[in-house]
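Student: Guided by the hints, dock chain E onto chain F, whose structure is given.
Chains F and E, in that order, give the protein sequences. For the first sequence, numbering that gives the first Met the number 0 gives the first residue as 0, with consecutive numbering after it. For the second sequence, numbering that gives the first Met the number 0 gives the first residue as 0, with consecutive numbering after it.
In case anyone wonders, no lab produced these hints; they're calculated from the structure. For each residue, glycine too, the CB sits at the ideal point set by N, CA and C. Hints are supplied without guarantee of correctness; some may be wrong.
Said to hold, decoys possible - Per label pair, the in silico range of CB-to-CB distance:
hint	chain 1	residue 1	chain 2	residue 2	range
1	F	R196	E	P17	25 to 31 Å
2	E	P163	F	R303	46 to 52 Å
3	E	K146	F	G60	43 to 49 Å
As the list claims (entries may be wrong) - Computed, partial: chain E to chain F, Cβ under 8 Å:
hint	residue
4	Y16
5	F38
6	A41
To be verified - Coverage of chain F stretches by chain E, computed from C-beta distances (three or more under 8 Å per stretch; other residues unrestricted):
hint	stretch
7	134–141
8	298–312
2 protein chains.
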Amino acid sequence: MSLDLSTWTCPLPLRDYPNIVVGHGGGGKLTAELIAHLFAPAFALPSQALGDAAVLDLAGGRLAFSTDSFVVRPLFLPGGSIGELAVNGTVNDLAMMGARPAYLTAGFIIEEGMPMDQLAAIVARMAEAAQAAGVRIVAGDTKVVDKGHGDGVFINTAGVGVIPDGVVLGPQRVRAGDVVLLSGTIGDHGMAIMSVREGLQFEAAIRSDTAPLHDLVATMLDAGGRAIHALRDPTRGGLAAVLNEAAAAAQVGIQIDERAVPVNPEVQSACELLGLDPLYVANEGKLAAFVAPEAADEVLARMRSHPLGQQSAIIGRVVAQPSGLVAARTPIGGTRIVPMPIGEQLPRIC
Amino acid sequence: MSLDLSTWTCPLPLRDYPNIVVGHGGGGKLTAELIAHLFAPAFALPSQALGDAAVLDLAGGRLAFSTDSFVVRPLFLPGGSIGELAVNGTVNDLAMMGARPAYLTAGFIIEEGMPMDQLAAIVARMAEAAQAAGVRIVAGDTKVVDKGHGDGVFINTAGVGVIPDGVVLGPQRVRAGDVVLLSGTIGDHGMAIMSVREGLQFEAAIRSDTAPLHDLVATMLDAGGRAIHALRDPTRGGLAAVLNEAAAAAQVGIQIDERAVPVNPEVQSACELLGLDPLYVANEGKLAAFVAPEAADEVLARMRSHPLGQQSAIIGRVVAQPSGLVAARTPIGGTRIVPMPIGEQLPRIC
Numbered sequence: 000m001s002l003d004l005s006t007w008t009c010p011l012p013l014r015d016y017p018n019i020v021v022g023h024g025g026g027g028k029l030t031a032e033l034i035a036h037l038f039a040p041a042f043a044l045p046s047q048a049l050g051d052a053a054v055l056d057l058a059g060g061r062l063a064f065s066t067d068s069f070v071v072r073p074l075f076l077p078g079g080s081i082g083e084l085a086v087n088g089t090v091n092d093l094a095m096m097g098a099r100p101a102y103l104t105a106g107f108i109i110e111e112g113m114p115m116d117q118l119a120a121i122v123a124r125m126a127e128a129a130q131a132a133g134v135r136i137v138a139g140d141t142k143v144v145d146k147g148h149g150d151g152v153f154i155n156t157a158g159v160g161v162i163p164d165g166v167v168l169g170p171q172r173v174r175a176g177d178v179v180l181l182s183g184t185i186g187d188h189g190m191a192i193m194s195v196r197e198g199l200q201f202e203a204a205i206r207s208d209t210a211p212l213h214d215l216v217a218t219m220l221d222a223g224g225r226a227i228h229a230l231r232d233p234t235r236g237g238l239a240a241v242l243n244e245a246a247a248a249a250q251v252g253i254q255i256d257e258r259a260v261p262v263n264p265e266v267q268s269a270c271e272l273l274g275l276d277p278l279y280v281a282n283e284g285k286l287a288a289f290v291a292p293e294a295a296d297e298v299l300a301r302m303r304s305h306p307l308g309q310q311s312a313i314i315g316r317v318v319a320q321p322s323g324l325v326a327a328r329t330p331i332g333g334t335r336i337v338p339m340p341i342g343e344q345l346p347r348i349c
Numbered sequence: 000m001s002l003d004l005s006t007w008t009c010p011l012p013l014r015d016y017p018n019i020v021v022g023h024g025g026g027g028k029l030t031a032e033l034i035a036h037l038f039a040p041a042f043a044l045p046s047q048a049l050g051d052a053a054v055l056d057l058a059g060g061r062l063a064f065s066t067d068s069f070v071v072r073p074l075f076l077p078g079g080s081i082g083e084l085a086v087n088g089t090v091n092d093l094a095m096m097g098a099r100p101a102y103l104t105a106g107f108i109i110e111e112g113m114p115m116d117q118l119a120a121i122v123a124r125m126a127e128a129a130q131a132a133g134v135r136i137v138a139g140d141t142k143v144v145d146k147g148h149g150d151g152v153f154i155n156t157a158g159v160g161v162i163p164d165g166v167v168l169g170p171q172r173v174r175a176g177d178v179v180l181l182s183g184t185i186g187d188h189g190m191a192i193m194s195v196r197e198g199l200q201f202e203a204a205i206r207s208d209t210a211p212l213h214d215l216v217a218t219m220l221d222a223g224g225r226a227i228h229a230l231r232d233p234t235r236g237g238l239a240a241v242l243n244e245a246a247a248a249a250q251v252g253i254q255i256d257e258r259a260v261p262v263n264p265e266v267q268s269a270c271e272l273l274g275l276d277p278l279y280v281a282n283e284g285k286l287a288a289f290v291a292p293e294a295a296d297e298v299l300a301r302m303r304s305h306p307l308g309q310q311s312a313i314i315g316r317v318v319a320q321p322s323g324l325v326a327a328r329t330p331i332g333g334t335r336i337v338p339m340p341i342g343e344q345l346p347r348i349c
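In isolation and in its complexed conformation, chain F is listed as follows (with noise of 0.2 Å):
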């Protein structure tokens, strides 16, 4: 089997990339269209199918089945290290699928020259992360490369989960009149990543927002049952890459309220002075749900009682028209369209 990329179409000129860049890796069209016209024709998939989990009828029942490789830079920031990240983000793919995570891999590539005590401390993040979110990591790989092929620790986790029977959660499932629930504040996450970078000053400092997210969602399952219709975590991309994810595959317009969106001041003050816009900001501990109005408010209640959603708010609403478009009313009154990121605003912010 070959791959023709003389073949490929795409919106964006994706065949007039000779070279990977950094944007392949962003979370948004660019790394969409490598899914669609590389990985998932490769791999016999439906087009865009690679996602963050998959579901797998085995052994009598179903299993979610995800991986995540954490590439982020500093490897320790406010509020989370790569360790916390790369438990959480992949408890999180799973539990956006509904399932309660139960075990995890842990594959590490070291760069020659690591400081031990650095990566001691990284893997004690990582056991106590795993213990909080109730999971177990089972199996391991450990690769060295030369110092200057790598920097520092790169860690791949995968997970497995199980899903519960009854829930069948996916972005095709959403539909016009669905309410559009967010779980907190964005841009927490890529913002503390960021602030450090930038070496920004702030009267509080900036915390990522990396939390397991399976709880929350059991409560939320709990009280709104078939009535939510998808979930998703606003990681690479943001909110914007995930709302338009969802209007794609469900052939729907999302209409949001940017005043309803909760940002913690800090983070507001920080996206301004770098000219970054909340909505594409990375978050690690969020979710946003779509749900069927009539069980929004039962769900939302339930979100605000759980400590990972004390700030939930209803933020928009799907509808038929547009379709495909996310589009948001300004705090000023006006109307702005949301568009898909392309590539990358920030750089290996996971």
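Tutor: Just chain E, lined up with the frame of chain F:
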């Protein structure tokens, strides 16, 4: 939780390594100590128990779950590429548990500037290998790191497979009297890489032996059933590492006859030229089996009838004493100890 490195006690002074060295990724003693003293205690596992794969009790059946990262250089070599290695490596980790491999995830860490057609060629090789092995790649992740912080592409694969009822394999089941079987020639993969790196020329090119072993394993289990006590694929650290791990896990001795161990003549020549011992060179399509003596002949016959086991041989026997030691009868009739490798003989061979 914090790990106190100063309390590490090891046969080797691991606590005297303030930084990671290449040997920590070599699959020998240094890797084992990193697992035993850092990963296993952190993740609350039995010492040395962060293995290549784990058995999960989930959803009413037993699953095997494994992970492996691939950092091989060069990316393409005679007989294979990082693509086949990434698929077959994880398939084989599952097969060594007696599992039928079913699903894989794929995580890519790509260096900025990697040629797109090279990535496409590798992905196509992965797809072919997955199809040949009868597994599906169902979820994935793509990260891009800036130039100078990677090396083309690193690939992580994780896999799940179903363990048939009644199959229980593991080095702790090895016992005195067991016969040691090997499925073919050793050293081909490692020397294929070395001959490319060193520019060695032989009459016939040395080719990697990368292959999926699960079908050979199924054939063996069909013939030997519970008389097959353990299976291991001798990758990093070679046959020497696998035999030493079994001797340590089962607290037995292992005696092999070097004349019985198949080695291709080109591989033998290359090893002599470079001063390497084939027992320590990596393989990617071979397995060693520890089998109760009454079933050994039947299992051997079935192995030889399989395309991937035609050169299978009985290479040795498990003895009660001296416990933990691997000894080899040399071609000239002497005996030598085959110790566990310490670090890395050939860096980045998988």
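Student: Hint by hint, say whether it matches the structure.
Tutor: A quick look at each hint next to the structure:
no.	hint	verdict
1	F/R196 with E/P17: 25 to 31 Å	27 Å, holds
2	E/P163 with F/R303: 46 to 52 Å	48 Å, holds
3	E/K146 with F/G60: 43 to 49 Å	44 Å, holds
4	Y16	6 Å, holds
5	F38	6 Å, holds
6	A41	4 Å, holds
7	134–141	holds (count 7)
8	298–312	violated (count 0)
Figure legend: structure checked against the earlier numbered hints; the only hint not met is number 8.
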